[in-house]
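A.B. asks: Residue numbering for the sequence shown is 320 to 502, as defined by this note's numbering.
Simulated from the structure, these hints should not be mistaken for lab results.
We treat Cβ as the ideally placed atom computed from N, Cα and C, and that holds for glycine.
It cannot be assumed that every hint is accurate.
Label-pair ranges, simulated between beta-carbon atoms [said to hold, decoys possible]:
id	residue 1	residue 2	range
1	Ala419	Ala375	46 to 52 Å
2	Asn417	Glu499	51 to 57 Å
3	Glu413	Ala498	15 to 21 Å
4	Met426	Arg471	27 to 33 Å
5	Leu425	His365	27 to 33 Å
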Amino acid sequence: MPLFLRIPMSVNFNQNHFELFGLPARFAVDAAALEARYHELQREVHPDRFAAAPDAERRVSMQLATRVNEAYQTLKSPLRRAVYILQLRGVDPEFETNTAMPPEFLMEQLSWRERIEAGSEAPQALLQLRAGLREESGKIYEILHGQLDEGRDDQAASETARMLMFYEKLDDEIDDRLAELET
320 MPLFLRIPMS
330 VNFNQNHFEL
340 FGLPARFAVD
350 AAALEARYHE
360 LQREVHPDRF
370 AAAPDAERRV
380 SMQLATRVNE
390 AYQTLKSPLR
400 RAVYILQLRG
410 VDPEFETNTA
420 MPPEFLMEQL
430 SWRERIEAGS
440 EAPQALLQLR
450 AGLREESGKI
460 YEILHGQLDE
470 GRDDQAASET
480 ARMLMFYEKL
490 DDEIDDRLAE
500 LET
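Throw the hints in and build the complete structure from the sequences for me.
C.D. replies: This is the structure we're talking about:
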């Protein structure tokens with residue numbers, strides 16, 4: 320059977336992530352629709368469906384499954400989704416080259432790090448810090464939503480996304496400390 324007849328046509332390499340999942344290119348995504356479409360696409364392209372197929376079809380299936388997984392991980396993560404939207408709009412958030420942040424933001428980051436260090440031996444203290452950090456992150460994500468979807472202020476959204484990277488690193492640091500305490 321020819322290759323093009325056995326590989327699903329609903330997935331192709333030319334679609335952006337939003338097109339692939341049939342979603343509007345917006346920061347606010349329908350999480351249930353994203354999840355449902357992900358499972359649907361995985362059923363179509365999963366390599367197990369092509370285990371008995373010729374090598375070329377198995378390779379294409381692997382590539383499509385990888386493409387679906389990468390797109391899903393990007394759209395599922397609010398920060399990665401924001402960066403992706405900016406990139407689709409031709410905006411480079413300049414994570415590597417633009418490290419300038421407002422002094423008050425940097426002071427806040429130092430304060431968070433000090434609190435994490437102070438609570439590094441007490442799981443309950445770390446859990447409380449994580450809850451507070453996630454609450455603050457949620458407020459910033461709301462700002463980012465407005466910047467990307469309503470205001471289309473890509474420059475401000477880039478700065479906000481850079482700030483959120485700091486919050487995600489702090490969240491990861493708390494998770495690492497909690498994991499260390501469990502061992």
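A.B. asks: With respect to the beta-carbon atoms only, verify the hint that Leu425 and His365 lie 27 to 33 Å apart.
C.D. replies: About 46 Å separates the Cβ atoms of Leu425 and His365, which means 27 to 33 Å is violated.
A.B. asks: Between Met426 and Arg471, does the beta-carbon spacing fit 27 to 33 Å?
C.D. replies: For Met426 and Arg471 the Cβ distance comes to about 30 Å; the hint holds.
A.B. asks: For Ala419 and Ala375, compare the CB-CB distance with the range 46 to 52 Å and indicate the outcome.
C.D. replies: Given about 49 Å between the Cβ atoms, the range holds.
A.B. asks: Check the following: the C-beta atoms of Asn417 and Glu499 are separated by a distance inside 51 to 57 Å.
C.D. replies: Once the Cβ atoms are compared, 32 Å apart, the range 51 to 57 Å for Glu499 and Asn417 is violated.
A.B. asks: Do the Cβ positions of Glu413 and Ala498 conform to the proposed distance bound of 15 to 21 Å?
C.D. replies: For Ala498 against Glu413, whose Cβ atoms are near 32 Å apart, the range 15 to 21 Å is violated.
Violated hints, in rising order: 2, 3, 5; the structure is consistent with all others.
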